[in-house]
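*Asks:* Here are the chains, one letter per residue:
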Amino acid sequence: MSLQLLANVIVLAAIYALVSSGYVLIYRVSRVLNLAHGELMMVGAYLLVALAGVFPLNPPLALALAAICGLLMGIAVYAVLMRWMTGEAVLAAVLITIALGILLRGLTILIWTSQQFYPGASFGWRNPPVHLARGVQISSASAALVCLTVVVYLGLLVFLRFTRWGVRMRAAGQNPLLAEQRGIRLHGVYALAWGLSTFTAALAGMLLSLDAGVDSNMATIGLKAFPAALVGGLDSLPGAALGALIVAAAEIAAIQYVDPLLSDVVPFIVLLLILAIRPWGLFGSREQLDRV
Amino acid sequence: MSDRSALAKELSLFGTPARRVRLALALAVLLALPFLATPFQLDLLNQVLLASISALAVMLLTGFAGLISLGTAGLLAAGAFTVGVLFREIAAPFWVTLPAAAVVGAVLGLIFGLPSLRLRGLYLAISTLGLHFVVVYLGGEYEARQTLSTGIMVDSPSIGGFAVSSGRAWYFVLLAFAALALLISVNLRRTRTGRAWRALRERDVVASALGINVTRFKLLAFVISAAMTATAGALFAYFRNFVSIDAFSLYLTVQYVAMIIIGGMGSLAGAILGAAFVVLFPYAIEAAAGYLPARFGNMVFALDYAAFGVVMILFLLLEPEGLIGLWHRLKNSFPVRQAGAKSTTAPR
Amino acid sequence: MTAPLLLVEGLKVAYHRNALALHGVSLTVAPQAIVAILGNNGAGKTTTLRAISGFIGLDNASVVGGSIRFAGARIENRPPHANAARGIVLVPERDKVFPNLTVAENLTASLSARANAAERHRLEETVFAFFPALPNLRSRLAGLLSGGERQMLAIGSAVLCNPQLLLVDELSLGLAPVVVEDLIRRLSALRQELGITVLLVEQNANVALAVADYGYILESGRVVLEGAAAELRGRREVQEAYLGQTSGAERRSYRALLQDPAVAERPRE
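Quick mapping for you: the protein sequence lines, in order, are chains A, B and C.
Number 95 in the working numbering belongs to position 95 of the first sequence; there are no gaps in the numbering.
Number 286 in the working numbering belongs to position 286 of the second sequence; there are no gaps in the numbering.
Number 186 in the working numbering belongs to position 186 of the third sequence; there are no gaps in the numbering.
In case anyone wonders, no lab produced these hints; they're calculated from the structure.
Built from N, CA and C at the ideal position, the CB exists for glycine as well.
It cannot be assumed that every hint is accurate.
Pair by pair, the computed Cβ-Cβ distance ranges are [as the list claims (entries may be wrong)]:
hint : chain 1 : residue 1 : chain 2 : residue 2 : range
1    : C       : R222      : B       : L330      : 37 to 45 Å
2    : C       : A71       : B       : A18       : 36 to 44 Å
3    : A       : F159      : C       : E125      : 46 to 54 Å
4    : A       : W165      : C       : E125      : 21 to 29 Å
5    : A       : T86       : C       : E125      : 52 to 60 Å
6    : B       : H328      : C       : A19       : 22 to 30 Å
7    : A       : F159      : B       : V134      : 44 to 52 Å
8    : B       : N213      : C       : V178      : 25 to 33 Å
9    : B       : V134      : A       : W165      : 39 to 47 Å
10   : C       : E125      : A       : W84       : 47 to 55 Å
11   : A       : T86       : B       : L180      : 36 to 44 Å
12   : C       : S26       : A       : T86       : 55 to 63 Å
13   : A       : S140      : B       : E141      : 29 to 37 Å
Which residues of chain A face chain B? A partial, calculated answer using Cβ under 10 Å [said to hold, decoys possible]:
hint : residue
14   : L33
15   : L100
16   : L104
17   : T108
18   : A144
19   : D259
20   : L262
Whenever a hint applies, use it, and build me the whole structure from the sequences.
*Replies:* Here's what the structure looks like:
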């Protein structure tokens, strides 16, 4: 595989990894599969478009505000909608996220129409290519995304391992009953998980929009990233990173050596393979299957 | 499939005179409708009838047997494409393509059902999601390579030399198929298969301990449901005279899942009610769009999406038992107060 | 006579709304007492505990009659965290620790409700004083602990929640007698030095009556006998049915013994 291809794999893997961290966060803590994640990522991108229009001369401010809005959006989604499903059947909660995704898709088109937007253009930013070794090049936005993914993953791992809220989140994920009994407020923990999840989704959406623009189809990337989370084992962050690498490598290889039209279906072929061979994922545990 | 004895069992249900009268009235109304309705209304009716077939299929699989599948759109596509491909390649007639579609559906159903032997709930749904994308890809590949256009044109079918192309003709054809689907569903529910499915839905571990062949009944549910759905897809191809992979998106699957939720899980009448609701909903939205400022009013499909999402959320949150549940609640909202009755609410 | 900390009167619990599991259980727990609930499998002991702790709703069951009063307030059918906030803490029979968290993290998770850092430290020190084996196991994953260590961690975590009433479900299940004896002593010490009231559910009547002040014996969802522990221990019927000390005759249920006109039930204190 040529070095340029390898670079492309890493960039795509970073996208999938950043997006699937959101799936993992919510699933690990509350056992809910958030199938509106792709749409939430898209809303994050549109938020940047809107803020870029308001602060065209101050990109850092627009980016920061968009990210914070992303965080708040997740907390709001939990507080207004998902909290009523806490304690109910997981499938009902998943169906609600599907409905939420549809609602968001409709709303974003109503507000922004289905044309393509380039927030980078509002900033006057040309997204110049970054030249790596030996003639390999990727766009600046891609490079930023890769770095950001690493930072986000390290940050999340440190947070979950070493902070009190992180311990609470892990405890709630393992045994919500016991957690409640030990005084851990499940609603607070779940809201935080949702907030962090949409925060990372918004970051991904923003960087993708800076790279390739945003239109109403961006949410599809969210769905394509899901197999990465599943391959890793839905409740493992390192697993999601590894899964992202695997899916990205498979996708790029298929596009390059087999048929470009395969791009949208390869992640799901990987998904079917892992479900056939090891459904609980690379880093998951077999008991997971029974908890559903 | 229904056979004479099952049919007799069915008809024996309508034993009471009151029921017979109601049935006769309903039949009379159904038969008179195509002559009373406008062409537009007739087309809506036809769409509802067509959707009912798959809605019943989804109800059988998910509402009865408790097996979650996101494969409806893929199966509809499989049926439609069977018709399209056979028509295009060998000009096959209706009486060949329709059974072929059902067979293709059955085979696909077997494939979609295999994961259910190992996976449950969320994981099963995810596996069917993956299969959906594979089917859609295959359909897209055929379209891209073989047709060089955005779809396949299909002529109206001819049944016994009679071309089915008018709204009225379609009405009777679709009514017949919908009635057949309903009969099959009712029959299945009452027989051993239905009881086995009910046991599966509760706890398949327990079911297998009771000696029920879990494998056989899970696969049976998938195969029957898929064959019905693919048949509906085939009818859809003829109904619209057109087959294109773009019509078979994940959103379509969600609409069918919504049908059984809005209608009411586990209820056949609910499936039909839900089908009617979901089919008619976009038209209601379109009518309402006329009252909105032009900016929004022109983006009807986006309005449709947003409104549909809202309605689905409302039903999931407030009325998880669907329209049937709502109907029961309304009926019971005028109870006779029992002296000394204590109400206990289940804790959250 | 001081008011009881926990007063359960005529408690009726039904599963799936129509299968009665408890048919009117009444019990009283005085402050700082250790009370035991005994009985065979299926007698309704765990159901009683879960009704008191609030976990009952999660078993698709609910209190359909009677009342539970904790420090005077009615608490039946309230959610677990509400009861935990009142100071009722449960050590469940299964899933009593967070298996993929270390011992230290398990304790941190329980501490989270305490706002005050000094208070947190004090509680942690207390738990380590009562369970000196725990500090050495700080970085061990809770799922890898032995049965006895896990029980210690579970009780320690519960103590960290500063409970007024500690509910312990099947303390001795699966543990060696030596370990159980040790746990019993620590439980007693907890009551002695922290003033925690304990309600203990146990299949092993010997163990329970060794540490309890008062005991209730449940059978098929009803209280069939109650009394001070010393008296219960001494009664022939209890000895035969629950303490395994038969005189060669087949083990009989306590119910059957009640039919015996020679036996009279002791009135409530």
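*Asks:* Against each hint, give a clear statement of whether it holds in the structure.
*Replies:* Checked hints:
In this structure the supplied range 37 to 45 Å holds for R222(C) paired with L330(B), their Cβ-Cβ distance being about 41 Å. Separated by about 60 Å at the C-beta atoms, A71(C) and A18(B) break the suggested range of 36 to 44 Å. The hinted range of 46 to 54 Å is not satisfied by F159(A) and E125(C), whose Cβ atoms lie roughly 27 Å apart. At about 24 Å, the beta-carbon gap between W165(A) and E125(C) stays in the expected band of 21 to 29 Å.
At about 35 Å, the beta-carbon gap between T86(A) and E125(C) misses the expected band of 52 to 60 Å. Range check, H328(B) to A19(C): about 24 Å between beta-carbon atoms, so the 22 to 30 Å window is met. Evaluation of the 44 to 52 Å hint for F159(A) and V134(B) yields a failure: the beta carbon distance comes to about 37 Å. The hinted window of 25 to 33 Å between N213(B) and V178(C) is violated, with their beta carbons roughly 49 Å apart.
For the hinted restraint 39 to 47 Å between V134(B) and W165(A), the CB-CB distance of approximately 41 Å keeps it satisfied. Here the CB-CB span from E125(C) to W84(A) is close to 41 Å, at odds with the stated 47 to 55 Å. A hinted range of 36 to 44 Å for the beta carbons of T86(A) and L180(B) is consistent with their spacing of about 43 Å. Taking the beta carbon of each, S26(C) and T86(A) are about 34 Å apart, not inside 55 to 63 Å as hinted.
Judged by the Cβ atoms, the range 29 to 37 Å given for S140(A) and E141(B) holds: they are separated by roughly 35 Å. Here the hint on L33(A) is kept, as its CB sits about 6 Å from the closest CB of chain B, short of 10 Å. Below 10 Å, beta-carbon pairs count as interface contacts, and L100(A) has one with chain B at about 7 Å; its hint therefore holds. Hint on L104(A) holds. Least Cβ distance to chain B is approximately 7 Å, under the 10 Å limit.
With a cut of 10 Å, the hint placing T108(A) at the interface with chain B holds, because the nearest CB-to-CB distance is about 8 Å. A least Cβ separation of about 30 Å between A144(A) and chain B goes past the 10 Å threshold, and the interface hint is therefore violated. Taking 10 Å as the C-beta cut-off, the interface hint given for D259(A) holds, the closest approach to chain B being about 8 Å. Hint status for L262(A): holds, given a least beta-carbon distance of 7 Å to chain B, under 10 Å.
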